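Using the sequences and the accompanying hints, generate a full structural model.
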Amino acid sequence: MKVSLRLVFFVVLALAALVGSVAAQDLQPAEGTLGPGEGAPIVEPNFGGDVATLNPILVSDGSSSDVVARLFPGLIALDPDSGLPVKGGDGGMALDWAVSEDGLVYTFTLRSDWNWTDGNPVTATDFKYAFDAITSGEIDSRISAAIANIASVEAPDATTLVVTFNTPECSALLTAQYVPFVPSVKYQEVYPTFADMTADHPYNMAPEVTAGDFQFANFRPGEQVTLLANQDYPDAQIGYVVPEGYVYKQVADQLVGVEQFLAGDVTFIESIPDDRVAELKALGDAGELIYGEGPSASWHYVIFNTADPANPQNGLDDSGNPIEQGQHPIFGDVRVRRAFALAVDHEALDAGAFAGLGTAIGSFLLPQSWAYNDAVAPWPYDLEQAAALLDAAGFVDDDNDPATPRVATEDALYAEPGTPLAFDMTSFSGNPTIDATVVLMQDQLSRVGFQMNLDIIEFQTMIGKILSQNFDTTMLFIGPFDPNDPNGAYELLDPSGDIVDAGLNIGSYYNDEFSSLMEEARSLPGCDPVARKALYDRAQEIIREDLPIYIVTNSTVQYVAQPDLLNYDPRQSSLRWNITMWSQVPR
Amino acid sequence: MIRYIIRRLLQAIPTFFGITIISYALMSASGNPVRVLSFRPDSSVEEQERLANVLGVNDPWVIQYLRWLLGDDWMRWDTGEDGVADRAVLLPLDADGDGENEPPGERLGVVRGDFGNSFVKKRPVLDLIFERMPATLELSVSSLVIGTIIGLIIGIAAAVNRGKAIDNASRVIAVVFDAIPGFWLSLLLLLIFGSQLKLLPIGDRCKLTLDDSCPPIYERLEYMVLPVFVFATGVISGYSRLMRASMLDVLGQDYIRTALSKGLSNRMMLYRHAARNAMIPIATFLGPAITGLLGGAVVIETIFNYPGVGRTLFEAATSRDYPVVMAAVIYGALATILGYLISDILYAWIDPRIRFT
Chain U
1 MKVSLRLVFF VVLALAALVG SVAAQDLQPA EGTLGPGEGA PIVEPNFGGD VATLNPILVS
61 DGSSSDVVAR LFPGLIALDP DSGLPVKGGD GGMALDWAVS EDGLVYTFTL RSDWNWTDGN
121 PVTATDFKYA FDAITSGEID SRISAAIANI ASVEAPDATT LVVTFNTPEC SALLTAQYVP
181 FVPSVKYQEV YPTFADMTAD HPYNMAPEVT AGDFQFANFR PGEQVTLLAN QDYPDAQIGY
241 VVPEGYVYKQ VADQLVGVEQ FLAGDVTFIE SIPDDRVAEL KALGDAGELI YGEGPSASWH
301 YVIFNTADPA NPQNGLDDSG NPIEQGQHPI FGDVRVRRAF ALAVDHEALD AGAFAGLGTA
361 IGSFLLPQSW AYNDAVAPWP YDLEQAAALL DAAGFVDDDN DPATPRVATE DALYAEPGTP
421 LAFDMTSFSG NPTIDATVVL MQDQLSRVGF QMNLDIIEFQ TMIGKILSQN FDTTMLFIGP
481 FDPNDPNGAY ELLDPSGDIV DAGLNIGSYY NDEFSSLMEE ARSLPGCDPV ARKALYDRAQ
541 EIIREDLPIY IVTNSTVQYV AQPDLLNYDP RQSSLRWNIT MWSQVPR
Chain Y
1 MIRYIIRRLL QAIPTFFGIT IISYALMSAS GNPVRVLSFR PDSSVEEQER LANVLGVNDP
61 WVIQYLRWLL GDDWMRWDTG EDGVADRAVL LPLDADGDGE NEPPGERLGV VRGDFGNSFV
121 KKRPVLDLIF ERMPATLELS VSSLVIGTII GLIIGIAAAV NRGKAIDNAS RVIAVVFDAI
181 PGFWLSLLLL LIFGSQLKLL PIGDRCKLTL DDSCPPIYER LEYMVLPVFV FATGVISGYS
241 RLMRASMLDV LGQDYIRTAL SKGLSNRMML YRHAARNAMI PIATFLGPAI TGLLGGAVVI
301 ETIFNYPGVG RTLFEAATSR DYPVVMAAVI YGALATILGY LISDILYAWI DPRIRFT
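Protein chains in written order, with our numbering: chain U, 1 to 587; chain Y, 1 to 357.
Honestly, the hints are just simulated from the structure, not real lab data.
Keep in mind that a hint or two might mislead.
[Stated by the list, open to error] Covered stretches of chain U, going by a simulated chain Y footprint (3 or more residues, C-beta under 8 angstroms):
1. 46-54
2. 237-249
3. 262-270
4. 409-419
5. 564-574
[What the hints assert, rightly or not] Pairs of lysine-lysine, DSSO-like flavour, derived with a Cα cap of 27 angstroms:
6. U:K186 / U:K128
7. U:K281 / Y:K198
8. Y:K122 / U:K186
9. U:K128 / Y:K122
10. U:K465 / Y:K122
11. U:K128 / U:K87
12. U:K87 / U:K533
Source: prediction; values computed, not measured.
For every residue, glycine included, the Cβ atom is placed at its ideal position computed from N, Cα and C.
Next up, the structure:
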């Protein structure tokens, strides 16, 4: 079972993928494409938990986001290939926008041809209502933190939206995209005050008024959410919605999900488990299914705890000044971290754990990102250099016995003399890829004198342990990141995120230059891409050299679909961008 | 009889509370759910503190348990009707230290039917349990009935044919059924009968439709075959061994020999006298059988993608959704206590020598 830590940005990606994530395309349907609502329902497996809410203001989990994306309009259309905003693109409410000279005020011109299913038009007021609800402080919405930089939203008329930011932000459009359009007339009727919009309100699970390419039909707990085609959806690529409906089917086990796909019970799988890739690829080659691969927006990585694990401290005090938090006896020394990276045989790791589909990268940005620095090379496999670094760091092989770990001498920066070069790798059970990776890594590292002890525990228990920052190293799978927002991964390395029991900078990394570069690139006046890339280039070099995290691999994602599914055309940034024209003869 | 049942039910009360206390203590010891619920980059310390206060997980576990059991409307209440608590016992009036009193408690506790809301789904826990209960009941009741019937038949046949092939086969079956892990057997059967032979569906409770409910059971029996079989293996194994041993014991009794020597037919002896007396110890197996079914539901429902309480419990436990876990524990505890009670009643019903005292 592939356990994914889809904790970072699942909300932003899902909200970005709200119906408005599709750019205008010149489309010709495949021959044999069926008529309106005549296609078989699209059945997508949901390997996560049950959908928790269908109120986009309250959404906080990946499962709910997937369904909400089919029901509610988004502000801006995104190009399915690049993921970049497109003015007037299909599926987005914004026809155009203008930015004030100081970069703080965005004025959007909205379209007027999009209606809710109750006949009311989708207007700027619907956006403002959602913003007011989220920022009211009366409801529990996780979107509020993401839009904290939005100072105000005004709707002077139905088609004009004015969004004012507190500080300039180069990803302002993506930030604004967090705010959904909701049917304000209906919502005011259902929720007389914002305080009435409680998480357990029954309307949350039975929305009557929507405006997406599909509309809500029913929710069967533990089984499925069923949507039906909305033939009034204005941006259907060929003028109508082909599938009769869309079923988000809960499947508790990935093995069962793949078998159901092979039996034809599921229309497509967005990301297949690693251990079934070879089999499904072969079936794809034989024409028995549609198989495709794309770059993954996630990576597997090792986090080094650079601070004293015996005395975890926050990174910054209330005034924003660094707090002295000691050094990890082993990984506090950057030379040891580099030796770790040099001792990992990525090729063997890729073959043994990632089915040959992994890509070694040296940067913390995705290779498909515009800000990716090609000059930042992955760490090579070089045992000699690793051994030399460990020698220099004061960890020596005192008995010439490869079975025992090196020990610290008086030259070690932070370890007491005699301290073995031994550490725990904290990871979680149930993920074959990570299981294989840590076992292979354990063997590889032993060749240079590391003793890596495996600390494999239940996933949620592991989360608690690593957040408390009393671990040595841990390995996670994290993502997806938005390639167009290079600051996305900064949360993992931001000193303000170094909070015991809370923040994601669990390795307690702190580098003033790096932080300054990332902040500057985030809000550079004018947002010149060339100037921003130069800043990101340097930031990537710093992380490569400081090595607070070691990116094990950036793998590809493999997807499959039924062989008779017409018009299925996944793009790099969106797999479902043309779902309205997917056509499969009902069985 | 009624007095006996009432007394047994009263005796079950301390058992029930004992189970809830131990379960709550173990669950609380497994970690703070706020860490899990808020593990994301945009989660601030303030938000986590607020969440912890809302969920009440910063309180000592005894207070948490009392809140869960008896509610908190008596722990912190408002006499001024201004929406702010001005009296409190066990809890501080200003729990978050912001200088302002907290709102009055609103929880009623499970003894008053308030199981709270799911930490994850944010919906009333009872709704989550009740909407999943039919699926679990249809599997477990079917398995229990079918498993019991098959197990008893195999046990009787084995005892009557002691030492013969059917006896040996029954013992092998019992050991195999007992030894095979449920998850492994489930996957194996799914792959063979679902994927390879395509004779049965690959999991699920009913055929995928766009409607809002599954059809009646009799229209979807094919979806129940495999999970019911896996569930029933444990029951078949247990009952066949117990019935065989019990029958052998009864068949060796003097009164059986006497009956046979008086010319009673074998059939009459077996089914009128031996089988009925052999059933006495069998009745005691019902309680453990129900417990086993509930435990197995966690794994089997997950693999067969069956939307029952077991799968809910699995999901809740892995996401530290304490209210749902506790509701599922109560469901299991009540079913077990009831199972043992029915065992005892059956015991007396089958054996007239036993009197309720």
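*Unmet hints by their number, sorted upward, for this structure*: 4 and 5
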